[in-house]
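Use the sequences and the hints to build the structure in full.
Protein chains: 2
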Amino acid sequence: MDAAGFRRLWDQIAPIGRADSGGYLRFSWSEADLALRAWFDAQAAERGLRTETDRNGNRYAHWDPEPGAAADGRAVLTGSHFDSVPHGGAYDGPLGIVSALLAVDELRAAGFTPARPVVIGAFTEEEGGRFGVPCLGSRLMAGAIDPDRARALTDADGTTFAEAMRAAGADPDALGPDPDRLAATAAFVELHVEQGRALDAPVGVASAIWPHGRWRMDFTGAGDHAGTTRLPDRRDPMLTFAFAVLAARKEARLAGGLATVGRVEAVPNATNAIASRVTAWLDARAPDEAVLAAILAGFESKVCERAARDGTGFAIAPESATPIVEFDAALRDRLADLLGGAPVLPTGAGHDAGVLAAHVPTAMLFVRNPTGVSHAPGEAASDEDCAAGVDALAAVLRELAC
Amino acid sequence: MDAAGFRRLWDQIAPIGRADSGGYLRFSWSEADLALRAWFDAQAAERGLRTETDRNGNRYAHWDPEPGAAADGRAVLTGSHFDSVPHGGAYDGPLGIVSALLAVDELRAAGFTPARPVVIGAFTEEEGGRFGVPCLGSRLMAGAIDPDRARALTDADGTTFAEAMRAAGADPDALGPDPDRLAATAAFVELHVEQGRALDAPVGVASAIWPHGRWRMDFTGAGDHAGTTRLPDRRDPMLTFAFAVLAARKEARLAGGLATVGRVEAVPNATNAIASRVTAWLDARAPDEAVLAAILAGFESKVCERAARDGTGFAIAPESATPIVEFDAALRDRLADLLGGAPVLPTGAGHDAGVLAAHVPTAMLFVRNPTGVSHAPGEAASDEDCAAGVDALAAVLRELAC
Numbered sequence: 001m002d003a004a005g006f007r008r009l010w011d012q013i014a015p016i017g018r019a020d021s022g023g024y025l026r027f028s029w030s031e032a033d034l035a036l037r038a039w040f041d042a043q044a045a046e047r048g049l050r051t052e053t054d055r056n057g058n059r060y061a062h063w064d065p066e067p068g069a070a071a072d073g074r075a076v077l078t079g080s081h082f083d084s085v086p087h088g089g090a091y092d093g094p095l096g097i098v099s100a101l102l103a104v105d106e107l108r109a110a111g112f113t114p115a116r117p118v119v120i121g122a123f124t125e126e127e128g129g130r131f132g133v134p135c136l137g138s139r140l141m142a143g144a145i146d147p148d149r150a151r152a153l154t155d156a157d158g159t160t161f162a163e164a165m166r167a168a169g170a171d172p173d174a175l176g177p178d179p180d181r182l183a184a185t186a187a188f189v190e191l192h193v194e195q196g197r198a199l200d201a202p203v204g205v206a207s208a209i210w211p212h213g214r215w216r217m218d219f220t221g222a223g224d225h226a227g228t229t230r231l232p233d234r235r236d237p238m239l240t241f242a243f244a245v246l247a248a249r250k251e252a253r254l255a256g257g258l259a260t261v262g263r264v265e266a267v268p269n270a271t272n273a274i275a276s277r278v279t280a281w282l283d284a285r286a287p288d289e290a291v292l293a294a295i296l297a298g299f300e301s302k303v304c305e306r307a308a309r310d311g312t313g314f315a316i317a318p319e320s321a322t323p324i325v326e327f328d329a330a331l332r333d334r335l336a337d338l339l340g341g342a343p344v345l346p347t348g349a350g351h352d353a354g355v356l357a358a359h360v361p362t363a364m365l366f367v368r369n370p371t372g373v374s375h376a377p378g379e380a381a382s383d384e385d386c387a388a389g390v391d392a393l394a395a396v397l398r399e400l401a402c
Numbered sequence: 001m002d003a004a005g006f007r008r009l010w011d012q013i014a015p016i017g018r019a020d021s022g023g024y025l026r027f028s029w030s031e032a033d034l035a036l037r038a039w040f041d042a043q044a045a046e047r048g049l050r051t052e053t054d055r056n057g058n059r060y061a062h063w064d065p066e067p068g069a070a071a072d073g074r075a076v077l078t079g080s081h082f083d084s085v086p087h088g089g090a091y092d093g094p095l096g097i098v099s100a101l102l103a104v105d106e107l108r109a110a111g112f113t114p115a116r117p118v119v120i121g122a123f124t125e126e127e128g129g130r131f132g133v134p135c136l137g138s139r140l141m142a143g144a145i146d147p148d149r150a151r152a153l154t155d156a157d158g159t160t161f162a163e164a165m166r167a168a169g170a171d172p173d174a175l176g177p178d179p180d181r182l183a184a185t186a187a188f189v190e191l192h193v194e195q196g197r198a199l200d201a202p203v204g205v206a207s208a209i210w211p212h213g214r215w216r217m218d219f220t221g222a223g224d225h226a227g228t229t230r231l232p233d234r235r236d237p238m239l240t241f242a243f244a245v246l247a248a249r250k251e252a253r254l255a256g257g258l259a260t261v262g263r264v265e266a267v268p269n270a271t272n273a274i275a276s277r278v279t280a281w282l283d284a285r286a287p288d289e290a291v292l293a294a295i296l297a298g299f300e301s302k303v304c305e306r307a308a309r310d311g312t313g314f315a316i317a318p319e320s321a322t323p324i325v326e327f328d329a330a331l332r333d334r335l336a337d338l339l340g341g342a343p344v345l346p347t348g349a350g351h352d353a354g355v356l357a358a359h360v361p362t363a364m365l366f367v368r369n370p371t372g373v374s375h376a377p378g379e380a381a382s383d384e385d386c387a388a389g390v391d392a393l394a395a396v397l398r399e400l401a402c
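Listed in order, the protein sequences are those of chains H and C. If you're matching positions, the first sequence starts at 1 in the UniProt record's numbering and goes up one per residue. If you're matching positions, the second sequence starts at 1 in the UniProt record's numbering and goes up one per residue.
The set of hints was computed from the structure by calculation and includes no laboratory data. If you're wondering where the values come from, they're calculated on a predicted model, not measured in any experiment. Mixed in with the good hints there might be a few duds.
Identical copies look the same in the list; a pair holds intra-copy or inter-copy alike.
Stated by the list, open to error - Only pairs whose alpha carbons sit at most 25 Å apart, straight line, appear in this in silico SDA-like list of lysine to any residue:
| no. | residue 1 | residue 2 |
| --- | --- | --- |
| 1 | Lys-250 | Ala-222 |
| 2 | Lys-250 | Ala-71 |
| 3 | Lys-250 | Arg-334 |
| 4 | Lys-302 | Gly-5 |
| 5 | Lys-250 | Arg-306 |
| 6 | Lys-302 | Asp-218 |
| 7 | Lys-302 | Val-344 |
| 8 | Lys-250 | Pro-232 |
| 9 | Lys-250 | Ala-186 |
| 10 | Lys-250 | Asp-218 |
| 11 | Lys-250 | Arg-197 |
| 12 | Lys-250 | Arg-230 |
| 13 | Lys-250 | Glu-289 |
Here is the structure:
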């Protein structure tokens, strides 16, 4: 398809949830999310696609085959997610959904009729940007998280996932594994903007997702007056936290992985008070699990040592941990061939495709990102590359839906 | 007076603004602050004291002398503030106001009639806990802050000081210097809980307030995806911030002062995003101004160096800076003698007394704090010591209001 055709549909969602920063605030079940879901429904209706929401709040549009089609009835699932990290980029998630709608148009314009259902999915809370656990919709579907835990997850205002779902008219009591849906899916292909600078062609195919996880860290000490407490009398958790930020970076650098502290909350968070508690989150990833474990072990032991020196408490607990995902090798090679020898590359970013890959043959297509920036307003993809992504996804759906 | 008498009045305000932490949320112009002001008015009315609010939102109760009293008409001002830091202790501020009310009772019970007005003041926004600038009410009175700047100060929700004042029924257009009030004040004596472990008698007299200030620090970098951005490609302001926290402590330790980072805000503050910006506040204090300047200079140069290595931006700007305050030596010695040789000690904490000392002969009385904790729920003072504080304040008011 041409770049202008991509741009026309893309522009329809560009204003939804856009902040002054140029980034997006599209949290699950927020007004922006509901506007995007309504837009998705309208697009599906325009195309005569049947829509439904599954028990976990994931939304689908079905392009059903003609009655009596030859295949086994199992669907080809594509799509991605609408939700964003706070002030995230435009492409991360929505590109996969918009591209899927355009790929359907392209296949129809070419006279293609699928032999099996082609389903476009919009997954819930992929980023964990509101409730803290990424890929929540796909994890629930795959039985990878306890529904009670999911219902009780809270956002920054204390609203639970269950309450947010219910306020949006969905039923949180229904949350839970969906093995029938997984069994009825022949393959899942998620198209996504590339999130680093690793892809130097318009479109690539994913090989693997690095093992990764997030850990909550609690640094505890003694709140006190910043102007009157002698330094030797202090038990200041901000010091231990600061050490931990630098230690995480150092351990990751030495081991050849990634570690990031991007989120921190101090209590009481007052200029003239020594903090009584600092809570922060560690994001760590590595090419393999041994490296990730080495980073974590080195980090924990160094921070514990420092906490003992600072007289503070340090506790670290995983909030999510995802082992390495190697995408289906046969499918990966088939798609790379189909796309004329597209580059095959791994990613450090988690995706619903990474969760579903344990249950369904799964592949990912990446669209080039010229800035390499993601999870920030500078995230980018050219209209030309996005159009090439639509063409590639159409070719893949045609191949898999025969 | 006896401890039980102190406790009876003290218990009346104990529940107002108390949080689950055991600390207090008594921000200026909040519901809790207005409840405390209403309580103050009721106490004044019970004692037949005339109340007024000055142009800067500071509230007063006047014990006027008999007509034809001998003195020159200038008042003896006492009192303190009701507002707290977030989750601050019970005593910091309110102790000075409650003690003043009880001291009036004690003087009256002893048949004393003042020769000059005795005025109990409740100053606005002493902590800067809501609008960031400490001693705001006294600074405005003293002409030490531009009223336009004060009106425009915002709280965490973006509400301005002017809006908060207006919502509470006060007039922010009137803010400004109050030289007539200062000229009509013969002396100011603020009673306050001691905020360290420096006082080993029930009551002491202040010698000086250390020079101190708060600086806003902005660390800027490039927001990006925590899972896909190579370490060498990052410009992560959280690293520079972490270095700064440790550097501030080190510089203060080497120079013999205090430095604290207790407040931090990261943007976008997401677990899986490298921060694009971290804003934090430095609180620094020292026994003299040369030491404070040395701490700041060492700190700035080391953080600038680190920011260059991290590829981040670092900007630091003072939000308030208070030179050393030496309280009126004659008044200090007179009070220490009057109180039977009470200990004389400096403090690192700022107070309205520190601001007004430039304009009015000013003294402070400290009440012993057995935990040494302040700006946190663990702040303490025994009822016996508080009662001794009331006796001391009554003796001082009797001495000064003759």
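Within a copy, between copies, both or neither: where do Lys-250 and Arg-230 come within 25 Å Cα-Cα? Classified as between; 13 Å across copies, 31 Å inside a copy.
As a check of your reading, is Lys-250 near Arg-334 (CA-CA no more than 25 Å) within one copy, between copies, both or neither? neither (40 Å within a copy, 59 Å between copies)
With 25 Å as the alpha-carbon cut-off, assign the pair Lys-250 and Glu-289 to within, between, both or neither. Within. Shortest intra-copy distance 18 Å satisfies the 25 Å Cα cut-off; inter-copy 37 Å does not.
At most 25 Å between alpha carbons: which applies to Lys-250 and Pro-232, within, between, both or neither? Between. Shortest inter-copy distance 12 Å satisfies the 25 Å Cα cut-off; intra-copy 27 Å does not.
What label fits Lys-302 with Asp-218 when the C-alpha limit is 25 Å: within, between, both, or neither? Answer is within; shortest intra-copy Cα gap is 15 Å, inter-copy 28 Å.
Alpha-carbon proximity context of Lys-250 and Ala-71, limit 25 Å: neither (53 Å within a copy, 70 Å between copies)
Quick one: Lys-302 to Val-344, C-alpha cut-off 25 Å, is that within a copy, between copies, both, or neither? neither (37 Å within a copy, 44 Å between copies)
Classify it for me, Lys-250 with Ala-186: is the Cα-Cα distance of at most 25 Å met within a copy, between copies, both or neither? neither (43 Å within a copy, 60 Å between copies)
Check Lys-250 against Ala-222 for me: Cα-Cα at most 25 Å, and say if that holds within a copy, between copies, both or neither. between (28 Å within a copy, 19 Å between copies)
Regarding Lys-302 and Gly-5, is the shortest C-alpha distance of 25 Å or less found within a copy, between copies, in both, or in neither? Neither: 54 Å inside a chain and 53 Å across chains, both beyond 25 Å.
Between Lys-250 and Asp-218, at a C-alpha cutoff of 25 Å, which is it: within one copy, between copies, both, or neither? both (20 Å within a copy, 23 Å between copies)
At most 25 Å between C-alpha atoms: does Lys-250 with Arg-197 qualify within a copy, between copies, both, or neither? within (22 Å within a copy, 38 Å between copies)
The structure fails to meet hints 2, 3, 4, 7 and 9 from the earlier list, while all remaining hints are met.
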